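2 protein chains.
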Amino acid sequence: MAQNKVAGPEIERLIQLLAKLPGLGPRSARRAALHLIKKKDQLLAPLSEAMGVAVEKIGICSSCGTVDTTDPCAICSDPKRDSSVLVVVEDVADLWALERASATNAIYHVLGGTLSPLDGVGPEDLNIAKLIERCEGGEIQEVILAINATVEGQTTAHFVMDQLAPLNVNVTKLAHGVPVGGELDYLDEGTLTQALKGRTRF
Amino acid sequence: MAQNKVAGPEIERLIQLLAKLPGLGPRSARRAALHLIKKKDQLLAPLSEAMGVAVEKIGICSSCGTVDTTDPCAICSDPKRDSSVLVVVEDVADLWALERASATNAIYHVLGGTLSPLDGVGPEDLNIAKLIERCEGGEIQEVILAINATVEGQTTAHFVMDQLAPLNVNVTKLAHGVPVGGELDYLDEGTLTQALKGRTRF
Ligand SMILES: [Zn+2]
Ligand SMILES: [Zn+2]
Chain B
1 MAQNKVAGPE IERLIQLLAK LPGLGPRSAR RAALHLIKKK DQLLAPLSEA
51 MGVAVEKIGI CSSCGTVDTT DPCAICSDPK RDSSVLVVVE DVADLWALER
101 ASATNAIYHV LGGTLSPLDG VGPEDLNIAK LIERCEGGEI QEVILAINAT
151 VEGQTTAHFV MDQLAPLNVN VTKLAHGVPV GGELDYLDEG TLTQALKGRT
201 RF
Chain V
1 MAQNKVAGPE IERLIQLLAK LPGLGPRSAR RAALHLIKKK DQLLAPLSEA
51 MGVAVEKIGI CSSCGTVDTT DPCAICSDPK RDSSVLVVVE DVADLWALER
101 ASATNAIYHV LGGTLSPLDG VGPEDLNIAK LIERCEGGEI QEVILAINAT
151 VEGQTTAHFV MDQLAPLNVN VTKLAHGVPV GGELDYLDEG TLTQALKGRT
201 RF
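First to last, the sequence lines map onto chains B and V. For the first sequence, full-length UniProt numbering assigns the number 1 to the initial residue and increments by one for each residue that follows. For the second sequence, full-length UniProt numbering assigns the number 1 to the initial residue and increments by one for each residue that follows.
Derived from the structure by calculation, the hints contain no laboratory data. You can trust all of the hints, since none of them are fake.
The list treats identical chains as interchangeable, and a pair is accepted whether it falls inside one copy or across any two copies.
Computed cross-link-like contacts, EDC-like style, restricted to lysine to aspartate or glutamate with a CA-CA straight-line distance of at most 16 Å:
#, residue 1, residue 2
1, K57, E10
2, K57, E12
3, K173, D162
4, K40, E10
Model, not experiment: these values are computed from the prediction.
One chain only, chain B, in its complex shape:
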């Protein structure tokens, strides 16, 4: 549609905005736009409305940094959560993944990225000061660093650990090992080595 505007600027604009979604290129954005237009009442109108509601209601939790319609978020304000254990994640997507797995009943802290000096991302660009502040409160006993096993993730984990060292909290990290259902043959050597090192009684 770039060269030849056949369908009015309104459709063109819809396609251009859809193309900015992760996972949609120009071609799939056109397909998505057409699908939406064809399903105007069943999909386009409800989605437009859901987005409007999201614009109005969704914000960042001032305590943990996740996104929600309330502040503090549903997790931070849930009295059934174990607020003595704090799980530190890079991104809201990681928090969602842990929640989908019902992996923990702890509370969270979202860093909002990883340290990356080359990209100009320093400690002040991440949600680290607030993490220290929460840990100084006295209620948190353990901080679990659930940070991706990438170079940037591990650099960030080490930095956070150094910052937490003077405080009275236990800092732990996720176990390495064979993914459940994983085949040894497909795993990298680092994972295999860690899985052997961390072996447990059968």
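Please build the complex by placing chain V with the ligands on the supplied structure of chain B, with the hints as guidance.
Using the frame of chain B, we list chain V with the ligands on its own:
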């Protein structure tokens, strides 16, 4: 997010609706929702608005069947178009593709699908009656069947041709052959045979 609603029903609903877009599964819908929420002012709000405008303004052209904000559409009402030649396509996406290619200055007719007895799609479910009506008007000299070279597409093309036979219009179809930039080695035998049959002087 299915099992564990952590982020309020508003985000959940946004994810569920996004997952209905072609090209987005549940996982990429979550990523898309998060991306939208993070870019609330730059992307979520404008997209919500663009969709609202689309809901309000976009409809089907009562002449050719394409989608546009005016009826008749921009193409049907363009006096610079050659309205003696009518290009018949299955879907609006095909019309858009031909327009992007600036392949023709003719006008269009969108069938809205192909005949498919097994799926219960008969002639009355397609935009065929209106096509006959347009061709009976006297202005149209040539009907180009730009219908996909699939079994259903070709069945549909034959049906349309039979319907148009009594009328005073020339019915043509797209040339088969080697795609521009295409390598012979990757083409199917049918295409190669058609490309040889339809050879032209160098
Ligand atoms: Zn929170
Ligand atoms: Zn039209």
